[in-house]
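Residues per chain, in single letters:
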Amino acid sequence: MKRFTQVKGIVAPMDRANVDTDMIIPKNFLKSIKRTGFGKNLFDELRYLDEGQPDQDCSGRPLNKEFPLNFPRYQGASILLTRENFGCGSSREHAPWALDDYGFRAVIAPSFADIFFNNSFKNGLLPIVLEENTVEQLFQELYANEGYELAIDLQQQVVVTPSGERFSFEIDEFRKHCLLHGLDDIGLTLQEADAIRAYEERRKQQAPWLFGAVK
Amino acid sequence: MAGKTLYDKLWDAHLVKQRDDGSALIYIDRHIIHEVTSPQAFEGLRLAGRKPWRLDSIVATPDHNVPTTVKERASGVAGIEDPVSRIQVQTLDDNCDEFGILEFKINDRRQGIVHVIGPETGACLPGMTIVCGDSHTATNGALGALAHGIGTSEVEHVMATQCLVAKKMKNMLIKVDGQLAAGVTAKDVVLAIIAKIGTAGGTGYAMEFGGQVFRDMSMEGRMTVCNMAIEAGARAGMVAVDDTTIDYVKGRTFAPTGEQWQAAVANWRELVSDGDAVFDKVVELDGSKIQPQVSWGTSPEMVLPVDACVPDPAQVKDPVKKAGIERALQYMGLAAGQKITDIHVDRVFIGSCTNSRIEDIRAAAAVAKGHKVAGSVIQAMVVPGSGQVKAQAEAEGLDQVLIEAGFEWREPGCSMCLAMNADKLGNGEHCASTSNRNFEGRQGYGGRTHLVSPAMAAAAAIAGHFVNVQDLKGTQA
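In the order they appear, the protein sequences are chains A and B. Take the first sequence: its position 177, counting from 1, is numbered 178 in the numbering used here, and each next residue is one higher. Take the second sequence: its position 361, counting from 1, is numbered 579 in the numbering used here, and each next residue is one higher.
No lab work stands behind these hints, which were simulated from the structure alone. Treat the numbers as computed from the prediction; the structure is a model and nothing was measured. Positions of the beta carbon are idealized from the N, C-alpha and C atoms, including for glycine. Please note: incorrect hints may appear among the correct ones.
With a Cα cut of at most 30 angstroms, we get these calculated DSSO-like pairs of lysine-lysine [to be verified]:
| no. | chain 1 | residue 1 | chain 2 | residue 2 |
| --- | --- | --- | --- | --- |
| 1 | A | Lys216 | A | Lys177 |
| 2 | A | Lys66 | A | Lys41 |
| 3 | B | Lys386 | A | Lys3 |
| 4 | B | Lys499 | B | Lys289 |
| 5 | B | Lys385 | A | Lys35 |
| 6 | B | Lys227 | A | Lys205 |
| 7 | A | Lys216 | B | Lys499 |
| 8 | B | Lys587 | A | Lys3 |
| 9 | A | Lys205 | B | Lys269 |
| 10 | B | Lys535 | B | Lys499 |
| 11 | B | Lys222 | A | Lys205 |
| 12 | B | Lys535 | A | Lys205 |
| 13 | A | Lys35 | B | Lys323 |
These stretches of chain A come out as covered by chain B in the derived footprint (C-beta under 8 angstroms, 3 or more residues) [said to hold, decoys possible]:
| no. | region |
| --- | --- |
| 14 | 24-36 |
| 15 | 101-111 |
| 16 | 115-121 |
With beta-carbon atoms standing in for the labels, derived distance ranges [claimed, not checked]:
| no. | chain 1 | residue 1 | chain 2 | residue 2 | range |
| --- | --- | --- | --- | --- | --- |
| 17 | A | Arg4 | B | Lys269 | 25 to 33 angstroms |
| 18 | B | Arg237 | A | Lys205 | 22 to 30 angstroms |
| 19 | A | Val215 | B | Lys499 | 34 to 42 angstroms |
| 20 | A | Arg4 | B | Arg237 | 15 to 23 angstroms |
| 21 | B | Val496 | A | Thr6 | 26 to 34 angstroms |
| 22 | B | Ala609 | A | Lys216 | 16 to 24 angstroms |
| 23 | A | Arg4 | B | Lys535 | 38 to 46 angstroms |
| 24 | A | Val215 | B | Glu502 | 20 to 28 angstroms |
| 25 | A | Glu166 | B | Ser594 | 54 to 62 angstroms |
Chain A extracted, bound-state conformation:
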């Protein structure tokens, strides 16, 4: 997994609540059997004026000029600022894959849906929860200043504005550790293989029906 230590970059707005994963990456692009290449279809139905198809070259498609990601001022953005309950809906990991592939490294919101939140950490994408009024303040600063950038320091658990204002955020120790070091979750769990086998032996005595093979 990609490491996350510090990120400083342009912020783009997604100024609505309850952004669902169907909106982040519509289902017609989930037919891919790869993990990469979803960036060009991020927010597809909002970004383009026509209906997108999988494996299509998007360079000639008509852009929705009113959608912020298409504004010149937000090109190259690496931080997405949005509203409550971001990532609700389906469990598709294609949503963080698409955000990552587009170039986002972090998403800031007052709250996230559970599965999206969890999936993001597996892909080096940092979801940051800040208070609702802080998010509102950041939106106002973002709209007022072209080229608005934020700096994120994971070790310090802090978001820093251009004026030097600092907002700290919470993160689970385990997730922080994995992100900082780009650690493979599976490798870590397999270090506990003996504990897993011991559990299985104990459980087979208590509830043998759970180990009946399906065939």
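Guided by the hints, dock chain B onto chain A, whose structure is given.
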């Protein structure tokens, strides 16, 4: 010390290791996989040279991409017209064959929607931890199990380690007492719950559904309710074990038998929240006051009783909410204050992991019997959740009742719930749908979804617009 909730008991029984940093390893008993969220996980295993930890814990079936017409299904995977869908289904077959995983392939009679076949085959049992790379896995919580959706990285993690890295959620009790009125179903109950607590109301919680309404409810109804826990923000929904649960499980293909059955039942009887268990949050609804529901907007919380009117954003103060309503009305092509019963439907979809079980087909057929789909409705389709549901419905003659009324009777799959196959809405079309999500574009580019129960969907098909199924003459609602 306070007693334990059902969720506490399920968590404790599966705890492999509690780590110092607050995370834990939870053992997974059953892993269901489908074609959309598994290919990258298999690829990950191959790249790392890993093998599945416990092959016999995994069951696979293709559902999201499969066509539902007899013609396209006739020649199996090769018959799937969309080449990208065909590759994805073929990849699942190839992966299952390579690793030796049990798969109900496209034309196996046991094939169906993952969340329908799990309980139906007995692959999913009370007391289990169940995961699937699909957010509606919570459906299985109706069995008194801890079931939730996971992402693809976690699919790979569970295959490789039989465990999930998790953090214990908080406990929420949704208590609905009283008796439901005629024509009011499990779907209406869960939509009313989401309307009350919102799509983020259950975020961070495991949600138990308790109270008289759920005690009286069939297993199919409980599955409908648990299925949509995620639409209320909760990864897991569940109902305590009772006689209804045990009667349902008995005799299913993979259910235990003989002495093991006796031991299992004794164990399952414990799967109820203790009387003195403490929930972090309790939400109560009066079941007798719930009416048939219809969603009007682009989020499952945008739902109202069928006799209500669409909201007027001018009456809403919160700017974010107000903008949300304005955007939803514009997308849905509705006017503020419009009567829900004045919304015309272009297509009707009865199916999905929410409402495609035998009871749902029966409810639709009971309303449709002796009527005809309105001439203004372009298409009304019924898609059974599995080959077994289809066979049972046909044995009961329900397919004939529906066909007679003008509905199409299809082959099993996810179909128009998320339109990954050929079944989709046209731009701007309104659909009375028994599925679970009314997000923009969910059922097709520019499509407009209204979430309803199977009885309400059938009633809308006949009337050509939304109608209170309780008022429809000559039906058995």
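Cross-check of the supplied hints:
1. A:Lys216 to A:Lys177: violated, 41 angstroms
2. A:Lys66 to A:Lys41: holds, 16 angstroms
3. B:Lys386 to A:Lys3: holds, 26 angstroms
4. B:Lys499 to B:Lys289: With a Cα-Cα distance of about 50 angstroms, the restraint between lysine 499 of chain B and lysine 289 of chain B is violated, given a limit of 30 angstroms.
5. B:Lys385 to A:Lys35: Status holds; Cα separation ~29 angstroms.
6. B:Lys227 to A:Lys205: Holds, because 18 angstroms separates the two Cα atoms, which is no more than 30 angstroms.
7. A:Lys216 to B:Lys499: violated, 41 angstroms
8. B:Lys587 to A:Lys3: Roughly 58 angstroms between the alpha carbons, so the hint for lysine 587 of chain B and lysine 3 of chain A is violated.
9. A:Lys205 to B:Lys269: Given that 30 angstroms is the threshold and the Cα spacing comes to 22 angstroms, the pair holds.
10. B:Lys535 to B:Lys499: holds, 27 angstroms
11. B:Lys222 to A:Lys205: Within the cut-off at roughly 23 angstroms; holds.
12. B:Lys535 to A:Lys205: violated, 57 angstroms
13. A:Lys35 to B:Lys323: holds, 22 angstroms
14. 24-36: holds (count 10)
15. 101-111: violated (count 0)
16. 115-121: holds (count 4)
17. A:Arg4 to B:Lys269: 25 to 33 angstroms: Cβ of arginine 4 of chain A to Cβ of lysine 269 of chain B: about 28 angstroms, so the range 25 to 33 angstroms holds.
18. B:Arg237 to A:Lys205: 22 to 30 angstroms: For lysine 205 of chain A against arginine 237 of chain B, whose Cβ atoms are near 24 angstroms apart, the range 22 to 30 angstroms holds.
19. A:Val215 to B:Lys499: 34 to 42 angstroms: Since valine 215 of chain A and lysine 499 of chain B have Cβ atoms about 36 angstroms apart, the given range 34 to 42 angstroms holds.
20. A:Arg4 to B:Arg237: 15 to 23 angstroms: Given range 15 to 23 angstroms: holds, Cβ gap about 21 angstroms.
21. B:Val496 to A:Thr6: 26 to 34 angstroms: violated, 41 angstroms
22. B:Ala609 to A:Lys216: 16 to 24 angstroms: holds, 21 angstroms
23. A:Arg4 to B:Lys535: 38 to 46 angstroms: With Cβ atoms ~44 angstroms apart, the hint holds.
24. A:Val215 to B:Glu502: 20 to 28 angstroms: violated, 39 angstroms
25. A:Glu166 to B:Ser594: 54 to 62 angstroms: holds, 58 angstroms
Going through the hint list in order, the structure does not satisfy hints 1, 4, 7, 8, 12, 15, 21 and 24.
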